[in-house]
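Colleague: Below, each chain spelled out in residue letters.
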Amino acid sequence: MAKVAYYPGCALNERSSHLDRSARDATEKLGFELDELESWTCCGAVPPVSKERIMNLIAPSRILKDVRDSGRDMLITICDFCYNTLKRTNFSIRTDDIIRKRVNAFLADDTPTRTYLEEEKSPWQEYEGEVKVVHLMEYLRDELGYAVITEKLKRSLKGLKIAPYYGCVMLRPFDEIQLDNPENPTIMEDFVRALEAEPVKYPYRTECCGSYLSVSSPDASTRLCYRILSSAMKNGADAIVVSCPLCFYNLDSRQKVVLDAYPDFKTIPVFYFTQLLSLALGVGMDRQGFERHYVDVSSALEKIGNSGERDKA
Amino acid sequence: MYKKLGLDPPDNPPIRLDRTKVRGEFGLQVDELSGQHLFACYQCGNCSSGCPLAQEMDILPSRIIRLAQLGQKEEIIQSKTIWICASCFQCTVRCPKGIDIQAVMDTLRQIALDEGVDHFGPDQIDSKHAAEVPQPGLVGVYRKLST
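Taken in sequence, the protein lines are chains A and B. Just so we're aligned: 173 in the working numbering is position 173 of the first sequence, and the numbers increase by one with no gaps anywhere. Just so we're aligned: 145 in the working numbering is position 145 of the second sequence, and the numbers increase by one with no gaps anywhere.
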């Protein structure tokens, strides 16, 4: 089975472990393995506030250098924050000579191979941004192909109307991320179509859910989440699909607060894209961690149930 | 009489401008730290109209840029706006002049933090909430809003 280097990040390792598990289940069914790095640290979640704070780039650079040193040239992440941080760090290293030199000066310093530096054949090699950072969804689209997913479906999601929610850092800033059109993306819609479900278009799909404001200004985040969720429902969605642990937290757990604040609000189930993928590929319901969701997902799952198991010889 | 005409005087006194402020040290500092060119902004307001958090802000993003051009450091540092910005990059992708407005906001936050204006500390979160939020939220908030 093909192996691809995989950086889970802190959220997937613990508080969003159901995202991690469903991703591993799904990729196994698709014929490749997420090969977790032997050792990794936090990537820092957000890129530094200005170019001056070079220190904040060291952790993600070290992760990327470790991948390169182990002889691999591609790294998969799932968490949008890790994806954004690693990809933007890589971009800075590739495009900015001064940043590359300063980062490498730190990296050279923290490895025990320091003594080799003076020798002629040094195993130390400057990191120049060789690793390609890809989102799992990007990997599915570009490397595997959505057609392969449709071919391997065990359970069709026909009849389910799903509203994709992109959030902020998966698509933006476009110059550095280059994943899809930041204003009119289609990567998640195409993914939903590959599972034979129907994507719902709604105006707030790329609008921010409040991100970390959920901690510092929870009321602001509540208002944003209400706008996003109710917009999706008005456009006929049965469920929302996300890829980021923080989007999931805001859109799912925050519905409790939204319910208190807005009497007309009705809850809507939220899924990780990997949960829908692994369900469609035939992984059992009990492995999805649905008990950790705040909103009961059974209303959406019943609709899948109706379309029945799909027999593929 | 002014009130009747809808011309009541502004709450804040008009700002006084001089050479030391406009294109002064503060503007240069923001330009250098953010890698942007503030005077590229021609005040179209696209960033403010697209900002999902504009309604929570006391000064709109486009006005923050204008104030920065005019060197009004104090007003910016004391505003809520720089702490409300969630770094979602909506303004950055929409700016017709290609200014990375999010980078400017980050820079303004950094300047405010360097001045000792801390916005959010570990004591301001209740432990139950902290135990639930995924880590990127916690790491993000402390890296963006505190020293």
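Keep in mind the hints are simulated off the structure, nothing from the lab. Note that beta-carbon positions come from the ideal geometry of N, C-alpha and C, so glycine has one too. Treat the hints with care, since some could be wrong.
[Said to hold, decoys possible] Below, a list of computed lysine-lysine pairs in the DSS-like style, where the Cα atoms sit at most 30 Å apart:
{"id": "1", "chain 1": "A", "residue 1": "LYS101", "chain 2": "A", "residue 2": "LYS152"}
{"id": "2", "chain 1": "A", "residue 1": "LYS266", "chain 2": "B", "residue 2": "LYS128"}
{"id": "3", "chain 1": "A", "residue 1": "LYS51", "chain 2": "A", "residue 2": "LYS158"}
{"id": "4", "chain 1": "A", "residue 1": "LYS51", "chain 2": "B", "residue 2": "LYS97"}
{"id": "5", "chain 1": "A", "residue 1": "LYS51", "chain 2": "B", "residue 2": "LYS21"}
{"id": "6", "chain 1": "A", "residue 1": "LYS303", "chain 2": "A", "residue 2": "LYS266"}
{"id": "7", "chain 1": "B", "residue 1": "LYS97", "chain 2": "A", "residue 2": "LYS256"}
{"id": "8", "chain 1": "A", "residue 1": "LYS303", "chain 2": "A", "residue 2": "LYS256"}
{"id": "9", "chain 1": "A", "residue 1": "LYS161", "chain 2": "A", "residue 2": "LYS132"}
{"id": "10", "chain 1": "B", "residue 1": "LYS97", "chain 2": "B", "residue 2": "LYS21"}
{"id": "11", "chain 1": "A", "residue 1": "LYS161", "chain 2": "A", "residue 2": "LYS234"}
{"id": "12", "chain 1": "A", "residue 1": "LYS29", "chain 2": "A", "residue 2": "LYS152"}
{"id": "13", "chain 1": "A", "residue 1": "LYS234", "chain 2": "A", "residue 2": "LYS3"}
{"id": "14", "chain 1": "A", "residue 1": "LYS234", "chain 2": "A", "residue 2": "LYS132"}
{"id": "15", "chain 1": "B", "residue 1": "LYS80", "chain 2": "B", "residue 2": "LYS97"}
{"id": "16", "chain 1": "A", "residue 1": "LYS201", "chain 2": "B", "residue 2": "LYS80"}
{"id": "17", "chain 1": "A", "residue 1": "LYS303", "chain 2": "A", "residue 2": "LYS152"}
{"id": "18", "chain 1": "A", "residue 1": "LYS3", "chain 2": "A", "residue 2": "LYS201"}
{"id": "19", "chain 1": "A", "residue 1": "LYS51", "chain 2": "B", "residue 2": "LYS80"}
{"id": "20", "chain 1": "A", "residue 1": "LYS303", "chain 2": "A", "residue 2": "LYS29"}
{"id": "21", "chain 1": "A", "residue 1": "LYS256", "chain 2": "B", "residue 2": "LYS80"}
[To be verified] With the Cβ distance kept under 8 Å, some of the chain A side facing chain B (calculated, not the full set):
{"id": "22", "residue": "GLU38"}
{"id": "23", "residue": "CYS42"}
{"id": "24", "residue": "ALA45"}
{"id": "25", "residue": "LYS51"}
{"id": "26", "residue": "PHE81"}
{"id": "27", "residue": "ALA147"}
{"id": "28", "residue": "PHE174"}
{"id": "29", "residue": "CYS208"}
Colleague: Would you list, in rising numerical order, the hints stated earlier that this structure does not obey?
Modeller: 1, 3, 7, 9, 13, 14, 16, 18, 22 and 27
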